[in-house]
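> Chains as they are written, first to last, in our numbering: chain G, 19 to 110; chain R, 26 to 121; chain B, 199 to 763.
Check before you lean on any hint, since a few could be wrong.
[Unchecked claim] Among chain G residues calculated to face chain B with C-beta under 7 angstroms, some are:
| # | residue |
| --- | --- |
| 1 | Ala77 |
| 2 | Trp88 |
| 3 | Val94 |
[As the list claims (entries may be wrong)] Here are the in silico distance ranges between beta carbons for each label pair:
| # | chain 1 | residue 1 | chain 2 | residue 2 | range |
| --- | --- | --- | --- | --- | --- |
| 4 | G | Pro43 | B | Leu691 | 50 to 58 angstroms |
| 5 | G | Val22 | B | Thr471 | 20 to 28 angstroms |
| 6 | B | Leu629 | R | Ala45 | 39 to 47 angstroms |
| 7 | B | Pro740 | G | Val63 | 55 to 63 angstroms |
| 8 | B | Lys586 | G | Arg109 | 29 to 37 angstroms |
[What the hints assert, rightly or not] Coverage of chain G stretches by chain B, computed from C-beta distances (three or more under 8 angstroms per stretch; other residues unrestricted):
| # | segment |
| --- | --- |
| 9 | 37 to 46 |
| 10 | 101 to 107 |
Simulated from the structure, these hints should not be mistaken for laboratory data.
We put the beta carbon where it would ideally sit given N, CA and C, even for glycine.
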Amino acid sequence: MNNVAVAVALSLGLVGCACLYLASPHQRWRTSPLPARPACAAGSVALLGSVFAFARAMAVAPAVFAFVAWVMLLLVVFPYVGAAFVIARRRR
Amino acid sequence: MGSAERPIRRDWISKTLAGALLGFTLALGCSGIFARLVTSLPPPIEAQLAMWMVTPIWLGVLAGSYAFASGRRAWLWLGAANAVVFGVFAAVRAIF
Amino acid sequence: MRSEIVRVYKAVHTWTGIVAGMALFIAFYAGAITVFKEPLVRWATPPAAAESAAQVVPLSEAHALVARTLASQPAAARELRLHLGLAAEPVERLEWEVREEGADEHDRLSSRHFTATLGDDGTVHAHEVERSHLGELIDVLHRVVGLPVDVDETRIVMGVIAALYFLALVSGFIVLLPSLVKDFFALRVGPNLKRMWLDAHNVVGIGSFPFHVVMALTAAVFAFHDGIYVVQDRMIHDGKLGAIFQGRRGSSEGDPRDPATMVPPDEIVARVTELAPSFEPTMLQYVNATGPKAMVRVWGHDTRALEHRALGGFALVDPYSGRVVSTEYLPGRQSAAATVLTSIFALHFATYGGQPVKWIYFALGLLGAWLFFSGNLLWIESRRRKAKKRVANGAIPVQRRDVRLMAAATVGVCLGAVCGISLTIVAAKWLHGHVADLNAWHRIVHYVAFFAAVGWAFFRGAARASVDLLRAAAATTLAIPLTTLLAALVPSLGMWARTEPGALGVDVTALVLGLVFAGMARSAARRVQEGPADSPWSAHAPPDPEPVAVTEPAVEAELHGEHAG
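Please model the complete structure; the sequences and the hints are all you need to start from.
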C-alpha cells in the first residue's frame, strides 16, 4: 500500500467534507456558513480527488469502500465538533 | 396499497408474521431462480451468493410489510408475490 | 411521503430500538475492540523468554519438523499451522488445536493449543501452549450480543437482534426522510433536551447509515446462514450442497501418504509469491495433510486488495506437487463473483485498506454504540414528566416507573459492559501467574463486573448510578495504561510492559477512552446535581410513592405529532 497516496486521500476527504459541512446552514464552526455553491463545488472536487488518491493506494473496490467509510466518519464527527465549539463558546 | 386517505391499520402481529414468513419464502424463491438461471459461476461461489441474497430480500420485505394498509392486505399481496416467484421458479426448474 | 406511513414506522422504530438497543450497544462496543483483537492479545501476552524464541527452527529447516509432526500427531494431521515468522508473535513455529468433543464449530474458547519441537534424536516432542483467550472472549461478546458462548441458540438470539436492528434502521430512515435534507448536519445544543438528543442520534444514524445497513445484514446472515443452507439444499440444490462445497476435495478414503515426500514449506511459499508478488504470506495451514486430498492454504495479506477475514486470504496449494490449485480466495486474484463475496466479508471485518480503515471502523463502531445509547436517552427524554411551569412552587412530578427502570437498565447494561470489558483486559496482567485457569477467570471477571453494574444501577437509581458507573468505566479503562506503566516501573510485580506499536496502541487508546469517560462522568455529575429536578436524571427527583397506573395519551400524541407535519 502506498502510504503517501493514503495520506493524500485522507486529507482530501477531510477538506472535502469540511467544505460541505461549512456550506450547511447548520454548521457551527464559523459565525456564518460559507457561500453554498462555491463551497460545495470545491468540496466535491476534493472528494473526487480523494477517491482517485485511494485508488492509487489500492484496488478500486477497497478504494471506494475506504473512501465511503472515511466520509461517513467525518460526516458524523463534524457536527459533534460543532456542538463542542458551541458549548465552549457559551462557557466563555 | 390503498388510496391516500384511508388510514393504515396497525395489525402488528399479522403484518410481522406476513413479512417474516412470506418474506422468507419469497427470498428463498428468488434465490432459487438465481441459482437456476446463473450457471456460469463456479458452483461453490454460486451457492454462497444464493445464500447471501436471501437475508436482504427477507428483511427488506419484512421492513416493507408495515406499509400495507392492513394485515390482510399484507398476506394477500405477499402471498400473490410468492405465487408468482414460485411459479417462475417451477418453470425455470423445468426448463433448465 | 404520507404522514400516516411515517407514523406507523415511528412506532416500529421505537419498539425495535428499545428491544434491541442495549444488546446492540454491547455488540458494537465489543466489536469496535475486536477490530484490534490481535494487538490486544499481544498486549495481554507476556513477552516470550529469549531462549524459547531462539529455539524456533528457521523456515528453511522446518520441513523435517512439519513432516514428522504430521506423521506422529493425528490431531495435527487434521489441521496444522506453520507460522512463517514475519510477525513477532506467536513465537512457536508450529501450532495445532484440539477441540473439545462435540464443541460448536464457532466455539474456539474451549480449544487447547499444542506445538512441537524436534529433539536431538529427531523425535517429535509435542507440548501444550498457553494462549490468551482475551481477544476471543471479547469477540464472542461481540458476536452474540454479550452472551457467554457462541452456539446455535445464542446465534439465533443474535439473528433476531440483527433483524430488529435492520427494521430499526429502515424505519428510522423513513421517519427521518421528510426532514432529511433540511436537518442534515444539524446538532442543536440548547435547552430543548429532546431536540438535542434527537439531533445527536440522527447525526450518527444518517451519517453512517450505509455502515449500519451492512452490519445489520451481515450479522443476520452470520446468525442464520446454517439454517438457510439447510433449506436451500433441499429446495434448490437437490441435496447436493455438501458435494458442491466438498468439490475436488472428495472423499477422504485412501491410503495415508508420507508427509516426508511433501514439497518443503519455503518452496511452497515461493510458488505463491512468484504468482502474486504483492502478496505477503504469513502462515501455512495444512489440512488433512496425510490424506489423499491433502491441501495447504498459504495465508497472507495484500493491503492493496480486499481480504476475506482478519487472517487475510489464501492460495490453495497441493503440498505433494507444489502446484497452486486455486486462487479463488487469494486477495487481488479473485474472480468477479468471488470478489463480491469477499467484499461482503471485508466490509464487516474491516479487512481492507490497512490500518487507516481499521481505525475508521473502530471509531464508527464506538459511534454505533453511542447511537444505541442516545436512542435510549431519547426514549427516556420523550417520556419525561415535566413540572408545570405556570404553577409556582408546583410539585415536582414523579417519573413514570417504566421510564425510571429503562433509565437504570440503560446505564447499568451499557456501562456495565464497558466496565466488564476493561476490567477483564486489566485482569490479563494482574492475574497472570496467580490463577490456574486465566481464560476462565477472564469470563468471571467480566460477568461479575457487568452484573454488579446492572445491580448497582437498579439499586441506586439511574441518576446517581450514571455518575458512579461512568466513574467506574473511566477508572477501569484508565487502569489499562496504568497497569502497563506500573509494570514498567515495578518489574518485581511480575507483569510486563510491551513496547511494540500494537501493544502500546492499546494503552494509548485506553488512555483516551478513559479520559472521555471521565469527562462524561463530570458532566453527568453536574447534570444530576444541578439539572432540573423533574427528570429521571436528577438526584433530587421525588421517590416513588405508590405504583401509579396512569395512562398517558399525551406522550403518544406528542411523539406522533413530531414528524406528522
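> Count the residues of the segment 37 to 46 of chain G whose Cβ falls closer than 8 angstroms to any Cβ of chain B, and tell me whether that reaches three.
holds (count 5)
> Is 29 to 37 angstroms a correct range for the gap between the Cβ atoms of lysine 586 (chain B) and arginine 109 (chain G)?
Given a distance of about 31 angstroms, which is inside 29 to 37 angstroms, the answer is holds.
> Holds or violated: is there a CB of chain B closer than 7 angstroms to the CB of alanine 77 (chain G)?
With Cβ-Cβ at 5 angstroms, under 7 angstroms, it holds.
> Can you let me know if the beta-carbon spacing of proline 43 (chain G) and leucine 691 (chain B) is within 50 to 58 angstroms?
holds (57 angstroms)
> Hint valine 94 (chain G) vs chain B: min CB-CB distance below 7 angstroms?
Holds: closest Cβ of chain B sits about 4 angstroms from valine 94 (chain G), inside 7 angstroms.
> Assuming the hint says 39 to 47 angstroms, is it satisfied by the Cβ distance from leucine 629 (chain B) to alanine 45 (chain R) or not?
holds (45 angstroms)
> Against chain B, is tryptophan 88 (chain G) within 7 angstroms by beta-carbon distance?
Tryptophan 88 (chain G) check passes; min Cβ-Cβ to chain B is 6 angstroms, inside 7 angstroms.
> Look at the Cβ atoms of proline 740 (chain B) and valine 63 (chain G) and judge whether their distance stays inside 55 to 63 angstroms.
holds (59 angstroms)
> Examine the segment 101 to 107 of chain G: at least three residues should have C-beta closer than 8 angstroms to a C-beta of chain B.
Since three or more residues must qualify, the claim that chain B covers the segment 101 to 107 of chain G holds, with 3 doing so at under 8 angstroms.
> Please check whether valine 22 (chain G) and threonine 471 (chain B) have a Cβ separation lying inside 20 to 28 angstroms.
Taking Cβ atoms as reference, valine 22 (chain G) and threonine 471 (chain B) lie about 25 angstroms apart, which means the hint holds.
Checked against the numbered hints given earlier, the structure satisfies every one of them.
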